[in-house]
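Visitor: As given, the protein sequences belong to chains U and V, one line each in that order.
Everything in the first sequence is counted per our numbering, starting at -7 for the first residue and increasing by one.
Everything in the second sequence is counted per our numbering, starting at -7 for the first residue and increasing by one.
Don't read these hints as lab results, they were simulated from the structure.
Incorrect hints may have been included.
To be verified - List time: in silico DSSO-like cross-link candidates among lysine-lysine, alpha-carbon distance up to 30 Å:
(1) V:Lys457 <-> V:Lys398
(2) V:Lys563 <-> U:Lys288
(3) U:Lys563 <-> V:Lys288
(4) U:Lys203 <-> U:Lys407
Claimed, not checked - Covered by chain U, according to a simulated footprint, are these stretches of chain V (three or more residues, beta-carbon under 8 Å):
(5) 222 to 229
(6) 256 to 268
(7) 302 to 315
(8) 464 to 472
Unchecked claim - A few chain V residues that don't get close to chain U, going by computed Cβ distances all over 10 Å:
(9) Arg149
(10) Glu162
(11) Leu403
In this text, a Cβ means the ideal position worked out from N, Cα and C, and glycines have one as well.
2 protein chains.
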Amino acid sequence: MQFHHHGYVSGDPRVQPAAGVGIDRPTQVPDEVDVLIVGSGPAGMLAAAQLSQFPGITTRIVERRPGRLAIGQADGIQARSVETFQAFGFAERIIAEAYRITEMAFWKPDTENPANIVRTARTLDDPAGISEFPHLIVNQARVLDYFAEVMAMSPTRMTPDYGLEFRGLEVTGEGEYPVTVTLAHTAGPDEGRERTVRAKYVVGADGARSKVRASIGCTMAGDQANHAWGVMDVLASTDFPDIRLKCAIQSHDGGSILLIPREGGHLFRMYVDLGEVPADDHGAVRKTTIEQIIAKANAIIHPYTLDVRDVAWHSVYEVGHRLTDRFDDVLSQELGNRTPRVFITGDACHTHSAKAGQGMNVSMQDGFNIGWKLGHVLEGRSPESLLSTYSAERQVVAKNLIDFDKVWSTLMAKKPEEFENPSELEDFYVRTAEFPAGFMTEYAPSMIVAEATHQHLATGFPVGKRFKSAPVVRVCDTNPLHLGHQAKADGRWRIYVFADAAAPVSGQQNAGQQGTGTPTDHFAEWIANSPESPLAATPSGADIDAWFDVKVIYQQDHTNIDINAVPAAFKPQVGPFQLTYLEKVFATDPASDIFELRGIDRGGVVVVVRPDQYVANILPLTATAELAAFFAPLLPDRLRSA
Amino acid sequence: MQFHHHGYVSGDPRVQPAAGVGIDRPTQVPDEVDVLIVGSGPAGMLAAAQLSQFPGITTRIVERRPGRLAIGQADGIQARSVETFQAFGFAERIIAEAYRITEMAFWKPDTENPANIVRTARTLDDPAGISEFPHLIVNQARVLDYFAEVMAMSPTRMTPDYGLEFRGLEVTGEGEYPVTVTLAHTAGPDEGRERTVRAKYVVGADGARSKVRASIGCTMAGDQANHAWGVMDVLASTDFPDIRLKCAIQSHDGGSILLIPREGGHLFRMYVDLGEVPADDHGAVRKTTIEQIIAKANAIIHPYTLDVRDVAWHSVYEVGHRLTDRFDDVLSQELGNRTPRVFITGDACHTHSAKAGQGMNVSMQDGFNIGWKLGHVLEGRSPESLLSTYSAERQVVAKNLIDFDKVWSTLMAKKPEEFENPSELEDFYVRTAEFPAGFMTEYAPSMIVAEATHQHLATGFPVGKRFKSAPVVRVCDTNPLHLGHQAKADGRWRIYVFADAAAPVSGQQNAGQQGTGTPTDHFAEWIANSPESPLAATPSGADIDAWFDVKVIYQQDHTNIDINAVPAAFKPQVGPFQLTYLEKVFATDPASDIFELRGIDRGGVVVVVRPDQYVANILPLTATAELAAFFAPLLPDRLRSA
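Could you put the whole structure together from the sequences, leaning on the hints where they help?
Guide: In structure tokens:
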């Protein structure tokens, strides 16, 4: 954590100095805003948290509820989400309070006595070590709390605007604020009163019944019928031995339960399958009582029993597999002619079962994806065309999610005798683990994802997939660290320079030779000083690493690196005191060689990573022209015309 | 983290429900308090944080300063302190913001060109893996912030009472509140006004010039002369390559620097040795200017240079090695005739150099030691005689500290040519690493530390030393965990039952046999149900684990343990819903066998650990009478007479 470079900080370093629109931020939503986010669920809050890091941008997030969410539906947190929390600075805290999934158990009818269930399998949750982050269960309400804290401690001092409901919007296309939004107060003295806000951009994160979606004419397509579950968060006494394990439980008469232990101990959630809802159900399934859900659960777990002592929350919910045709307001016939002004995210775009624990996670990545893009466009870092990549990238992800969830939820609904082999369910769970962990997203080539021409130079960093961290050693303080964890969600591009085989050494014999000899030295010289370098676009007055965070990783261990011989490009002068930033220089950890682990060419490689942590490009050290060409369309005209 | 057992908790689980004196806690210090702590430094704040967990006890902590400490002197955090922070719930956060020491470098005059310094050695900070916790540097002000947060979130909702100065006290010995304390307001409308508070106990944590110490007639003995250092926390530009490493730097002319990089990057501290202060100095050394300190630092690090850009803090300080004759108000001739009413802690008891980074750490352990003892006596759990163990235990620790620091600071002050061998300094540093890490404290036998009669049953848990954690697997949720990290600083005794070799299994063949067969089962039966069991002292109406936290660790891996066959003693019913607490049952992690790691006898062992994490007793499973006899003098009469 870096915080003194503007002078000594005595208090909580997580509280960033207020800046820009965060100074004297108005308590009421102004009449004109840069970004209006509708809905404070996971997608909306992540987009807001990302935008809160841009002090020049006025972002407001409106929420119909009068205050903080007290208890939310979602609770599954993929490793990819924990990785994201790390970038926002609260992973260690949410891990400490969450339930951690390390194994899953499968229970089925005893073949000798089918009225009884027996444990037929245990599977490790992440046997292959997909991620260094854990798989967690924690209520959505707490996830939102943490993002609210990130926003409040950000330079913009953002807080959600509670008690404001979205009524409708019109994209006028006129003026600087071309979207006119009608809101209404849902609480307080102005309850019911409507007001108008004009925005440059609107993000709809208003859930499965999204009015923002309706207002831009998107349609949801998918299943004809819904599937219903009785869900309960309860405190209970039970002799079911795996009550603190995630379990898939199937009884002989086709009943099934997904059991999710919850954070804080004792509390657990059960999803009790209520089956397909017939078209003529007319809401009858929703009248299922908590007593009926408990009775059904007891029947399924026989010979064990469940004595529910306290019901924290319960619901009957119905959902189908549905996907919207587009994620923004640009009709297919308009593509290429105009850029979007309104976006939809999360449940507004995709609905599916809760059984794979995916919804909140994919929604957050929707928010992460749109957040930095809006930030870059509104700050003038990038052209508006960047915004078109949001729908293009995220719709594919949502489609894959729905396909996966269909297979998984169908498998879980199968009766025991319908399986081709007894371990079909758990085999599928283990085989596909990378998908539900959140790491199968792979963005296609676009203006922000290069063709994987040079993929062979770094086989462990697939272009389009998220940058998979690995251990390194920071040279200046010899700290063993995870390289990826040094990248905060601050909206910056990362340029990782994996050095060629030469060590940086100075001394008598090569005094004056610093930074002039090796391919790494040449690259460093170019990126720091060439007018073609993307860093040349950095606004004057800002630190040279304000837009691009350039780090170097040498192949040697830290004792063989002379930090005084490392090129200046990797040790920028920052802040009002022009202090030398030494913490961008890394060595290889001999016990865990990043070059080996990620298949990095020993001749040296440049890895470009997006602000949302996806690998954008892989290049040899010599491909400076190619690097310049990649960034040219993404940067302000002054560079492109340079 | 456990928090739902009284019902669903929606908000931050670190905020405990207010209880007892925390409900409607008065903002002003009342006229009568149970414990008055004087001074909000590390010792006082730890004692306060520990007492804040006792909702029946009115503890107030007064501080002369008008508010939070902005910048403190101390910054070295031993692994033992981080272990303590873990028990108070904030280790993961302070680690995230601290500087972590992984190596130390030693710089000395170049033998070929003595005017230049060269790096002569690097030493790993913890080569032997003494602790699973890191060695940190973080300003004392932040440590105090975290303890203040613990107090504020505790059931008692404690906050320091700023702007109140200690003027004097009298131990009247009369009535329920036998200590009369005179305080004075140092700020606000009542500035200068005195007031009187009557207390049951007073803890002096008011620093090296302690007035509490003076008021009970303690004397400080030790060095005749002081040693002086110029200290500065600065932001600077420098070519000294190890500026982000802890360094001991010695120049050819006898100058020396201890360099401590600080949390947050860029900032570092230098202790520049100003030598022994002559008796006739009359404060002249304190007139050393920051410019002189910087000039001296530049001379020492030649050929490197230091361009200081910002001075966050600087000071010249003088200190000698001094120790008080006792840590409480009981004169040696009164020992055994009366129990103490006034205690002193931290710098009030012991002063020494800052060079070993010990002061804050030892002070915190003073506070941890007295905190739970006052809690137990005031709650009526234990007799007043328990309080006599504080001075007895902590004075030995302080004496050892001062002896260590004398050797270390003398070594650091030696001129290069005075060393017997060139690596004497770094050899000493490596050889003695366990002491400065905080793990050499070993309390002598007393009413709370048994004779080590059965030490051979668990060689890795030396009686009198702090319980060294090891990995285990929690059975109910298969989570790999550190056993010791499950023990919070909640004032409870821990009884760890390391099971004999039999696995707990139930089933057809031994139905009805549960908990009746093995030595572990017999012990479980005794501790849960015998009138001789220490648990029998637990107040009626409280959960059975309110005073004693009993955990079991089996020798098998978790897949071979049937939690339904584990004796009820290890699965208590807790809270208003009488839920079964499953998280006290542990399995051995086959990859890291705690029985092997800690030399635990396979026949089964009971390890008793104090609320401040020190091992109190080691016993075989059959030694129930011995266990009862150990606790009998520590528990209320109703047990002893039972």
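Visitor: Tell me, which hint numbers fail for this structure?
Guide: 4
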